[in-house]
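Asks: Here are the chains, one letter per residue:
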Amino acid sequence: MSAREQILGRLRQRKAAVPASEQPDFSVLTRRQWSAGERLDLFRQQIESVHGEVMRVPREDWLTPLVGWLQQREISTLLAPRQHEVGQTLRAGWTAATGNKGPELRAYDRPIEAWKPELFSEVDAALTSTLGGIAETGSLVLWPDADQPRLMSLVPPIHIAVLDADRIYSNWLELLREQDWAAGMPANALLISGPSKTADIEQTLAYGVHGPAELLVLVRQ
Amino acid sequence: MTAEPTFHTRARASLADPQIRANFRNAMDGLMGKRTAAFEGWELEELRTLGAAVRQRALSQLPDLLEQLEANCERNGIRVHWARDGEEACKVITELCQQHQARHVIKGKSMVSEEMELNHHLAGAGIEALESDLGEYIVQLAEETPSHIIMPAIHKNTGEISDLMHAKTGTEPRRDVPYLTSAARQQLRTKFMQADVGISGVNFAVAATGTLCLVENEGNGRLTTTVPPVHIAVTGIEKVVGGLEDVAPLLALLTRSATGQHITTYFNMISGPRPEGHLDGPREVHLVLVDNGRSEIWQDDELLETLRCIRCGACMNHCPVYTRVGGHAYGTTYPGPIGKILMPHLQGLAQTQDLPSASSLCGACGEVCPVKIPIPQLLVRLRREAVDGDKLNPSVVRGHGVKRRRLEALVWRLWAWGHARPALYRFGLALAQRLRFLQPRRLGAWTRHRTAPVLASDSLHARMARRDGGSS
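Here the protein sequences line up with chains A and B, keeping their order.
Be aware that the first sequence starts at 1, since it is given in the working numbering, and climbs by one per residue.
Be aware that the second sequence starts at 1, since it is given in the working numbering, and climbs by one per residue.
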């Protein structure tokens with residue numbers, strides 16, 4: 001008999017049904033609701049409490065403050081999407097915004113196997129879009145795809161995420177219901193709440209242990 | 001007594017080690033405070049009730065959910081394997097590695113892989129398995145096992161870790177946590193790039209969508225499940241839940257109970273291998289479902305509650321015994337209160353007979369458990385199973401009756417017999433009162449740190465009767 005048949009067989013042999021629980025009541029998770037302004041404040045407060053940085057930027061011109069931030073840090077390479085609206089806007093306005101003083105724009109346009117060492121050591125920062133934010137936990141929602149692969153938000157030492165202020169939800173349950181995640185999940189979905197961290201050495205917080213050491217959220221208003 | 005050190009000898013050694021005591025005490029005190037702060041503003045009781053209900057509902061549908069999970073994972077392109085025990089799971093994983101000519105495996109944190117000693121197995125097949133969670137990496141360098149399920153290296157302080165990394169990896173002997181962390185990052189990044197296979201655990205497996213959820217702060221879990229061409233996820237069969245919504249309360253409870261965080265840095269949901277046209281992610285994803293005694297526990301309504309566990313470690317953080325003896329004293333994969341009720345199931349009571357008694361039954365573990373596992377009641381149940389003899393509730397756990405002593409059983413039978421006969425009882429009581437000067441001062445382990453209680457000259461019954469008589 002196969003392991004599968006034997007395990008399921010043993011489970012199916014149970015004499016009486018497992019005592020079922022009381023009907024789960026999920027209302028405790030969605031009871032706390034906030035206005036749009038409060039959601040943005042809470043999101044900011046939460047993500048700053050875990051070492052993330054928030055920059056509010058005007059929707060029409062978010063490139064100027066971004067470039068200022070990048071140039072101040074002397075970032076020399078930035079990985080950005082090509083298809084997504086965020087990437088298109090950025091690429092269209094890049095020369096004007098940077099005055100050709102860098103950083104150099106790169107694209108994740110090959111399979112990882114073709115440029116692993118390069119991605120791991122030569123890219124300073126990566127910029128991605130987000131599907132929304134979660135106020136209660138200060139989280140960003142990402143569904144990586146061919147244009148914005150999974151490692152973009154993970155391998156470079158700095159991750160910059162673009163978030164529209166009107167897409168900040170109160171909590172994750174509300175977000176996954178409204179965006180109807182149950183209808184179909186992508187190969188990878190992520191909640192990101194701050195830069196990579198560890199407290200495995202004597203409970204002392206250290207950032208950037210495996211992923212980015214810095215997370216900048218551009219909140220477009 | 002066997003030559004193998006027992007819980008008692010190991011506990012005594014830990015208690016005598018001020019370094020271990022200080023390391024655990026500091027960590028556990030901090031974690032308790034952080035947990036309390038993280039639940040501020042929450043209806044915690046309601047949330048725990050929801051967490052327990054969601055887990056219990058999933059367990060009540062376990063075989064159906066497992067089949068549904070399998071079907072949806074396969075539909076998504078995740079290959080599903082089943083394993084009756086740890087040995088079989090190790091074999092499945094080793095074979096998968098061999099099919100891909102894997103020499104180097106990188107691992108994310110997985111308690112079930114510790115439970116089945118996967119690294120040892122892989123090493124036997126000539127495959128190097130490297131732990132990538134910083135705590136696990138340190139523990140592996142030290143050739144030890146984790147002493148806490150969430151913070152594996154909590155028994156070591158910075159100085160010890162600095163010396164260890166200096167000796168094993170050539171880092172500078174600096175007691176500087178950011179330096180040590182970035183040194184580990186560099187060492188492990190090379191390994192991530194070279195790894196042929198990534199192996200991870202699973203925090204929640206969602207049946208309705210065929211999704212594997214991983215909770216982590218470091219990003220090593222994401223690297224493990226994204227960079228190597230093959231990802232193998234391994235999990236106990238009890239980790240399955242119905243739908244995505246069920247994950248919401250469990251995630252809210254898990255991170256706050258474990259480390260007092262509102263959420264971890266990464267919550268990683270994997271529902272398939274790299275899709276056509278995508279540029280990263282593994283080409284193959286495998287899921288190994290491990291039983292290893294779980295379907296046995298599941299047969300009993302009371303013991304089954306153990307399977308609700310979401311592995312947060314809050315019971316350890318709040319346990320007065322764990323805090324003092326540390327994780328290694330238990331000598332088992334899962335230490336602390338949850339280990340005391342889980343390990344007897346996985347290994348049988350013969351090997352774990354000291355564990356159910358290694359508790360003062362103070363009840364803290366049950367009070368903080370996010371899914372309301374009645375740990376103290378289960379400890380009492382296992383103590384009973386260890387001595388057998390309750391005809392109304394026959395024992396079922398493997399190795400039951402291992403602590404049964406004929407003399408002890410006889411004494412209790414006489415005790416019951418005497419108490420059911422009033423005349424005999426009164427005679428015995430009077431005799432004991434008269435002869436109380438003969439009572440021994442030393443009563444074995446009980447009086448090592450206490451004075452022996454002295455029998456009163458009078459029974460409570462007699463005193464009450466006198467008081468009632470006087471006041472009327």
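Keep in mind that the hints were calculated from the coordinates and are not lab data.
Incorrect hints may appear among the rest.
Partial selection, computed: residues in chain A whose CB lies under 10 angstroms from chain B [stated by the list, open to error]:
#: 1; residue: Val28
#: 2; residue: Thr137
#: 3; residue: Pro149
Partner residues are not named here, just some residues of chain A that face chain B (Cβ under 8 angstroms, in silico) [unchecked claim]:
#: 4; residue: Gln6
#: 5; residue: Ser21
#: 6; residue: Arg56
#: 7; residue: Arg59
#: 8; residue: Arg73
#: 9; residue: Ile75
#: 10; residue: Thr98
#: 11; residue: Ile112
#: 12; residue: Pro117
#: 13; residue: Leu151
#: 14; residue: Leu191
#: 15; residue: Thr198
#: 16; residue: Ile201
From a predicted model like this one, the values you see are computed outputs, not experimental measurements.
Beta carbons: idealized from backbone N, C-alpha and C, even for Gly.
Asks: For the hint on Gln6 (chain A), just tell me whether its beta-carbon gets within less than 8 angstroms of chain B.
Replies: This hint holds: Gln6 (chain A) lies near chain B, its Cβ roughly 6 angstroms from the closest one there, short of 8 angstroms.
Asks: Let's test the interface hint: is any C-beta of chain B closer than 10 angstroms to that of Val28 (chain A)?
Replies: Cβ of Val28 (chain A) sits 4 angstroms from chain B, so the hint holds.
Asks: Would the hint on Pro149 (chain A) be counted as holding, given a Cβ-Cβ threshold of 10 angstroms to chain B?
Replies: 4 angstroms, holds
Asks: At a threshold of 8 angstroms, is the proposed contact between Ile201 (chain A) and chain B supported by beta-carbon distances?
Replies: Holds: closest Cβ of chain B sits about 5 angstroms from Ile201 (chain A), inside 8 angstroms.
Asks: Hey, does the Thr137 (chain A) contact hint survive, CB to chain B under 10 angstroms?
Replies: 4 angstroms, holds
Asks: Please check whether Ile112 (chain A) passes as an interface residue: C-beta within 8 angstroms of a C-beta belonging to chain B.
Replies: 4 angstroms, holds
Asks: Holds or violated: is there a CB of chain B closer than 8 angstroms to the CB of Thr198 (chain A)?
Replies: 5 angstroms, holds
Asks: Are Arg59 (chain A) and chain B close enough, Cβ to Cβ, to be under 8 angstroms, as the hint says?
Replies: 27 angstroms, violated
Asks: Please check whether Pro117 (chain A) passes as an interface residue: C-beta within 8 angstroms of a C-beta belonging to chain B.
Replies: 7 angstroms, holds
Asks: Given Arg56 (chain A) as an interface hint, is its Cβ closer than 8 angstroms to any Cβ of chain B?
Replies: Hint violated; Arg56 (chain A) Cβ to chain B Cβ min 22 angstroms, cut 8 angstroms.
Asks: When the nearest CB of chain B is found for Leu191 (chain A), is that gap smaller than 8 angstroms?
Replies: 4 angstroms, holds
Asks: Is the hint on Thr98 (chain A) kept, meaning its closest Cβ partner in chain B is under 8 angstroms away?
Replies: Violated - the Cβ of Thr98 (chain A) stays beyond 8 angstroms from chain B, reaching only about 26 angstroms at its closest.
Of the hints listed earlier, those the structure fails to meet are numbers 6, 7, 8, 9 and 10, in rising order.
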